[in-house]
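A.B. asks: What follows is each chain in one-letter form.
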Amino acid sequence: MNTIIDYVDIINFCYKYRIWGLILLLCFLIYKLLNILIDEDKSNIWRAKFYKVLYKLSKKSEAEKKYISNDVSGRLNLARRRMPFGKDLIPKSIKLEWIENAQGESYVPKEGELVVKLDPAEAQEKNITSLAQALVQRTALIGIRYVLEKALEDAIDLNLIKSLLNKIGNRPIMDWYMRHEYMPQVDQSEDLKKWNSKIIEIDERGLFTRLLLVELESYGKNLSGRPKTIEMESEIKGLIEFIFKIATKRYGEDAPLDYRRRNIKIGVLLVGETSKMLSSIEPYIKAFIMHLNQEAKAIYVVSFSKEFLKEKDEESSKAFEEMRAYLHKRIEHDFKVQKDFELTYSCSDVAGRRRKAKCVRYIPIFK
Amino acid sequence: MKKHETKEIIKIVHYKEAEDLLKSIVSLEKFEGEIICHICKTKVTVKNFKALTRKSGKILFCCDNPKCYVSFMKFLKE
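Chain order of the listed sequences is E and S. Counting from 1, position 269 in the first sequence corresponds to residue 269 in the numbering used here; the numbering is continuous, with no gaps. Counting from 1, position 15 in the second sequence corresponds to residue 15 in the numbering used here; the numbering is continuous, with no gaps.
What the hints contain is simulated information worked out from the structure, not anything from laboratory work. Backbone N, C-alpha and C define an ideal beta-carbon position, used for all residues, glycine too. Some clues are possibly wrong.
[Said to hold, decoys possible] With the Cβ distance kept under 8 Å, some of the chain S side facing chain E (calculated, not the full set):
#1 Thr6
#2 Lys50
#3 Ala51
#4 Asn65
#5 Pro66
#6 Tyr69
#7 Met73
#8 Lys77
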């Protein structure tokens with residue numbers, strides 16, 4: 001519907017301004033085309049569309065192969081870029097190279113080289129899923145995998161792949177993954193089921209990629225090849241339990257808001273109660289000072305706007321937004337902290353209502 | 001200017017060319033007997049072949065069972 005209106009607007013614009021309208025439209029199209037040509041992943045998507053048509057018409061293997069590889073790499077690399085911290089969590093983009101097995105020539109795989117057989121173009125969901133798994137398992141969570149218990153590692157991988165595929169924005173691909181890979185794997189082990197349910201809750205509040213994986217990545221960097229110890233394993237499991245309690249906290253319930261161990265020290269400020277926020281921001285400032293005194297290495301300020309407030313009470317909603325902005329201003333002004341990132345996103349709360357949320361990570365600077 | 005990024009190169013083989021690839025590897029590496037899945041130890045044929053790699057000089061195969069494929073990927077990182 002929107003697209004139709006857009007086209008009508010463009011035609012009206014050109015009709016109104018005649019030659020200047022056409023020149024402007026032409027400039028816009030050149031700009032869009034250049035954007036696609038410069039961006040390798042976007043141009044892969046367009047190449048894939050071209051070869052898909054060619055394959056449908058000719059049924060030739062060469063067109064099919066070009067469609068498959070351009071489509072898979074374009075979609076996965078763009079999805080990786082759309083994920084919060086996608087480039088850090090999955091540090092490499094994917095590049096696919098066909099093995100051209102000309103008759104009479106032998107192929108000798110090099111040490112560590114992975115060769116994957118791909119299915120026909122009609123089963124592209126399967127191809128995308130197979131290579132998403134390969135990409136995540138070969139490049140993500142490097143430096144920390146050896147510390148993770150197998151079931152926990154599997155749960156993190158499954159949900160990271162799910163997040164990556166989700167960013168493709170194609171339901172058949174997600175359906176294929178959930179039905180043929182995700183669910184069968186989860187169902188095979190009770191331990192995996194247990195960890196997976198916790199990761200799902202954390203992910204539903206938007207804290208999987210924005211908090212848990214950020215802290216695991218930071219933990220992995222600090223480990224720098226130290227042998228695995230029981231303490232490390234327990235610290236990581238404890239971190240997940242800590243975030244899980246925050247993710248499942250209901251209105252009026254208490255949840256621990258600081259996690260202090262030898263190798264992880266983080267604090268969390270939860271901003272969700274409108275009445276509390278509207279009366280004063282001082283309790284939040286005091287909580288921030290407490291985290292600083294405890295020498296937290298990172299402090300997260302996670303706030304959830306009550307979208308329904310807008311319909312019921314626009315004034316309160318506006319006041320909440322203003323107070324939230326003021327809280328961040330005070331933090332940045334009053335304390336020696338570096339704002340690491342600020343992410344706005346949409347998620348569902350414990351009751352299943354959609355909320356707009358904001359996650360800000362501050363790194364305190366100690367002398 | 002776009003920042004140069006490192007890429008994870010994955011070799012892929014078309015399902016129609018998998019048979020030639022397997023034959024060439026088997027003849028070159030002089031495999032004795034059947035090729036088996038490194039994870040579940042079942043016989044790997046053109047029909048159920050999913051992936052292969054070389055680790056410590058040895059060529060290892062994986063069948064198309066999703067559980068095996070996931071375990072195979074993890075094994076490669078060990």
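A.B. asks: With a cut-off of 8 Å on the beta carbons, see whether Met73 (chain S) makes it to chain E.
C.D. replies: holds, 4 Å
A.B. asks: Less than 8 Å between beta-carbons is the criterion; does Lys50 (chain S) satisfy it with respect to chain E?
C.D. replies: holds, 6 Å
A.B. asks: Quick check on Lys77 (chain S) please, does its C-beta sit within 8 Å of some C-beta on chain E?
C.D. replies: holds, 7 Å
A.B. asks: Holds or violated: Thr6 (chain S) as interface residue toward chain E, Cβ cutoff 8 Å?
C.D. replies: holds, 5 Å
A.B. asks: Given Pro66 (chain S) was flagged as interface, is its beta-carbon under 8 Å from a beta-carbon of chain E?
C.D. replies: holds, 6 Å
A.B. asks: Double-check Tyr69 (chain S) for me: the hint is only fine if its C-beta lies closer than 8 Å to a C-beta in chain E.
C.D. replies: holds, 7 Å
A.B. asks: Hint validation: Asn65 (chain S) versus chain E, beta carbon distance must be below 8 Å. Holds or violated?
C.D. replies: Since chain E brings no Cβ nearer than about 10 Å to Asn65 (chain S), farther than 8 Å, the hint is violated.
A.B. asks: Take the shortest C-beta to C-beta distance between Ala51 (chain S) and chain E; is it under 8 Å?
C.D. replies: Interface hint status for Ala51 (chain S): holds (5 Å vs cutoff 8 Å).
Figure legend: structure checked against the earlier numbered hints; the only hint not met is number 4.
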